[in-house]
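> Each chain, written out:
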Amino acid sequence: MNYLLHLIVYFDIYLIVALSLNLVVGYAGLLTLAHAGYYAVGAYAYALLSVNLDWGFVPAVAVGILVSAALSLAVSLCSWRLKGDFFVLASLAVQALIFSALYNWHSVDAPLGSLRNLTNGPFGIVGIHRPSLFGYSIVSPIAMAAFASVVAALCALVVWRLSDSSWGRVLVAMREDELAARGLGKNTRLLKVQVFAISSGLVAIAGALYASHVRYLDPTSATLDESILMLSMVVVGGVGNFRGPFVGAAILVGLPELLRFLSLPDAQAANLRMLIYGLMLILMMHFRPQGVAGEYRVE
Amino acid sequence: MVTATTTAPTKTPHRGSDVDVVLSACGITKSFDGNAVLRGVDITLGRGQCVLLTGENGSGKTSLINILTGNLQPDQGEITYSIGDEPTTFTFPRGWWQELNPWNHFRPEFVARAGVGRSWQDVRLFGSLSLRDNLAIATPDQRSESPLRSLFGSHAKSEHTSTVLDELGLVDRDDSSADKISLGQSKRVAIARAIQAGAKVLFLDEPLAGLDQQGIQDVLVYLRRLIQQHRVTLVIVEHLFNQHHLLPIVTHRWSLADGICDIAECDEQTRRSSQPISSTREAWIEALIGEGDEVVEETLVRSATLTRIRTADSTFDAPRPALQITDLVVNVGARQVIGVGEDGSTSPLSLTLMPGEIGILQAPNGWGKTTLLNAIIGAIPIEQGSITIDGQQTIATESEDARASSVSCITASSALFPDLTLKETASLAGVALPEMFRGREKRKCSTLSGGERQRLALALSKSNSLNIYDEPLNGLDDGKSFIETCKQMTSQGNAVLILVPQKPI
Numbered sequence: 001m002n003y004l005l006h007l008i009v010y011f012d013i014y015l016i017v018a019l020s021l022n023l024v025v026g027y028a029g030l031l032t033l034a035h036a037g038y039y040a041v042g043a044y045a046y047a048l049l050s051v052n053l054d055w056g057f058v059p060a061v062a063v064g065i066l067v068s069a070a071l072s073l074a075v076s077l078c079s080w081r082l083k084g085d086f087f088v089l090a091s092l093a094v095q096a097l098i099f100s101a102l103y104n105w106h107s108v109d110a111p112l113g114s115l116r117n118l119t120n121g122p123f124g125i126v127g128i129h130r131p132s133l134f135g136y137s138i139v140s141p142i143a144m145a146a147f148a149s150v151v152a153a154l155c156a157l158v159v160w161r162l163s164d165s166s167w168g169r170v171l172v173a174m175r176e177d178e179l180a181a182r183g184l185g186k187n188t189r190l191l192k193v194q195v196f197a198i199s200s201g202l203v204a205i206a207g208a209l210y211a212s213h214v215r216y217l218d219p220t221s222a223t224l225d226e227s228i229l230m231l232s233m234v235v236v237g238g239v240g241n242f243r244g245p246f247v248g249a250a251i252l253v254g255l256p257e258l259l260r261f262l263s264l265p266d267a268q269a270a271n272l273r274m275l276i277y278g279l280m281l282i283l284m285m286h287f288r289p290q291g292v293a294g295e296y297r298v299e
Numbered sequence: 001m002v003t004a005t006t007t008a009p010t011k012t013p014h015r016g017s018d019v020d021v022v023l024s025a026c027g028i029t030k031s032f033d034g035n036a037v038l039r040g041v042d043i044t045l046g047r048g049q050c051v052l053l054t055g056e057n058g059s060g061k062t063s064l065i066n067i068l069t070g071n072l073q074p075d076q077g078e079i080t081y082s083i084g085d086e087p088t089t090f091t092f093p094r095g096w097w098q099e100l101n102p103w104n105h106f107r108p109e110f111v112a113r114a115g116v117g118r119s120w121q122d123v124r125l126f127g128s129l130s131l132r133d134n135l136a137i138a139t140p141d142q143r144s145e146s147p148l149r150s151l152f153g154s155h156a157k158s159e160h161t162s163t164v165l166d167e168l169g170l171v172d173r174d175d176s177s178a179d180k181i182s183l184g185q186s187k188r189v190a191i192a193r194a195i196q197a198g199a200k201v202l203f204l205d206e207p208l209a210g211l212d213q214q215g216i217q218d219v220l221v222y223l224r225r226l227i228q229q230h231r232v233t234l235v236i237v238e239h240l241f242n243q244h245h246l247l248p249i250v251t252h253r254w255s256l257a258d259g260i261c262d263i264a265e266c267d268e269q270t271r272r273s274s275q276p277i278s279s280t281r282e283a284w285i286e287a288l289i290g291e292g293d294e295v296v297e298e299t300l301v302r303s304a305t306l307t308r309i310r311t312a313d314s315t316f317d318a319p320r321p322a323l324q325i326t327d328l329v330v331n332v333g334a335r336q337v338i339g340v341g342e343d344g345s346t347s348p349l350s351l352t353l354m355p356g357e358i359g360i361l362q363a364p365n366g367w368g369k370t371t372l373l374n375a376i377i378g379a380i381p382i383e384q385g386s387i388t389i390d391g392q393q394t395i396a397t398e399s400e401d402a403r404a405s406s407v408s409c410i411t412a413s414s415a416l417f418p419d420l421t422l423k424e425t426a427s428l429a430g431v432a433l434p435e436m437f438r439g440r441e442k443r444k445c446s447t448l449s450g451g452e453r454q455r456l457a458l459a460l461s462k463s464n465s466l467n468i469y470d471e472p473l474n475g476l477d478d479g480k481s482f483i484e485t486c487k488q489m490t491s492q493g494n495a496v497l498i499l500v501p502q503k504p505i
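Heads up: the protein sequence lines correspond to chains A and B, in order.
Per UniProt numbering, the very first residue in the first sequence carries number 1; after that it's consecutive.
Per UniProt numbering, the very first residue in the second sequence carries number 1; after that it's consecutive.
It cannot be assumed that every hint is accurate.
[Stated by the list, open to error] Across the chosen pairs, the derived CB separations fall in these ranges:
#  : chain 1 : residue 1 : chain 2 : residue 2 : range
1  : A       : LEU97     : B       : SER128    : 51 to 61 Å
2  : B       : PRO248    : A       : GLY84     : 37 to 47 Å
3  : B       : ASP172    : A       : ASP225    : 43 to 53 Å
4  : A       : LEU190    : B       : GLU265    : 34 to 44 Å
5  : B       : ARG143    : A       : LEU255    : 34 to 44 Å
6  : B       : ALA283    : A       : GLY84     : 41 to 51 Å
7  : B       : ASP33     : A       : ASP85     : 56 to 66 Å
8  : A       : VAL150    : B       : SER128    : 26 to 36 Å
9  : A       : LEU283    : B       : VAL301    : 22 to 32 Å
10 : A       : LEU255    : B       : GLY169    : 48 to 58 Å
Derived by calculation from the structure, the hints in this document are not laboratory data.
Computed from a predicted structure; not experimentally measured.
Note that beta-carbon positions come from the ideal geometry of N, C-alpha and C, so glycine has one too.
Let the sequences and hints guide you as you build the complete structure.
Dropping the structure here:
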């Protein structure tokens, strides 16, 4: 039972990740590889504020959202002038910068959270508090699953409202033909800043959920592998509509779990998982480039 | 609202009359790689005017439109937009400090918000959005265009867009995808979209290009209504062959030559004297017909016609035709495109072209001209019948070698490699660079104007047993070079097939 509840929490976390990334990749048509960086920024913000200052879930996540949204300027400003492959490379550079900052910002003789040792580097942060709301700590697995589901539902509501609005339609117009959208008076630069800030803010919530659930955090959450996994989720599920991220998150959370039932040794199972991800991506690109439930083809 | 330099609205005397000036530009210069395209252009545009912008290929028509719509910064000069209550002036060159102000940029979105819109030759509707959304998006300053407001506000669908679509003859098509309507309809929706965005001055780049008779009439009726009912100011660039359609609504003519723009009023007398210059499509067909040539008109299915010009070099006793299409039926997806009769029943297409012959296929938009071209070159499979080129049957294949041997074709978009220089492009084609491009060998193909690109593509095409041209006159200021190319090909005993939309004569 606990295993199933744990899976639900993971599905909720990855659903938020996929929904937020779909805004940028699917609606705005900007392929970014820096998403795991912003996920980790949210996770670290929550971890530091809860461990050092005993902050509750809501204020700590609010700070995480703000920091992540502010740092998103690093990619959104690049997207003003860079397009296609060049933008992907710029986002890769931002990803590498965030990872390096998290990995190297530590000093053995300074306390965690101080200016000299903000992240504790490769040793990570242990003993992160469980989420607490109005003084009540969410401890039991079932309460955690319910809490994560409510948070995911709220995020889904936000994404649905946004994508169904004029703002969402202008995003699609920008993806289809940016020059034509600008010719209609749409400020696409502002739009890019907005969509990256919103997407990074949302994924920071997912990062905080992860940190509060696993209660340990190190810079491996911000690796390029994580960004690629997030992107695979969106590409496999399908981009450019609301249902794609649900399908993508379900497939990529569910698939490795199915492998558990094959009783393979751990070392083999991990490799097999990567093999299946790779194979899935290749097959999808060939037979259904718009993803299982998507409507727009990522070029 | 863009605020650069603001001055009180003015009524500027224009050619002896009081004209409410909406746009003025003076001393506009622009060079590309040291080649001066515009050398001090001065123009004024009055409210409700309809201007025809003319000039030869490469004279800078597109550059001027790009500059006046904020898509390109001129090297020097001053542009004033006086459409709203507050005139906005941009002076060039602009200092770097002006770029730091996020609300004062010379960019298309700011110029559009000042009331200047444009349409492109290649329509550019948002293909994956519905027609309603294409129009609704354009409405400026919508409440739910701010992400915060869209979270809490209502997302009411605009009723106004339905009315606009009804006016365009697209009744109950609100939810149709924008890539599922005809070219004529999409051109009108693109213009309506710019109007919806608040454009009071509209620049139109070849609004009649590629349209058949009905499409041209529909666009003209719509443009006339915009001028009369909405007092919209139009600046139109149009192909020489289509200019005579516009003459009844044109009030002024801007002629670009040697980087200078000459403005002339277009009165009744000018219109009459202009008539012979703006020849109809028939004129270029007449020019293709040499002395002693025989012309045969054949009627094909669904109002299409095939004009066959049998030149003195045509060889009717040749052992095999250059192109023989027998009982052809071609489907695109589930839809039958070639081989459909008037009533939708199957009516296979057959036609023959002998070596040295010129065939001009004129058909309405949506007839399937491009599908036929793709079937001939073997890019798409055929459902029924056969296509034989120079005695060899075409089989749909992905192998380039199989089809490239005896056919050469220039598609409507004259696809050149944009990042290659002119010299590289010529050497890739294995021919010398034409005279008119000498001195510009190091320029990239992407820097050429639309007409120049078409000229280069024509000049670089190799003569084969069968040569197919899809809308070859698009963007060309005159068809002379094309007509010479065709005559040269037939004199070598090769056949030419030209695909063009059907036009009123």
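> Hint compliance check: list the failing hint numbers for this structure, sorted ascending.
Numbers 1, 7 and 9 - these are the hints that the structure violates, sorted from lowest upward.
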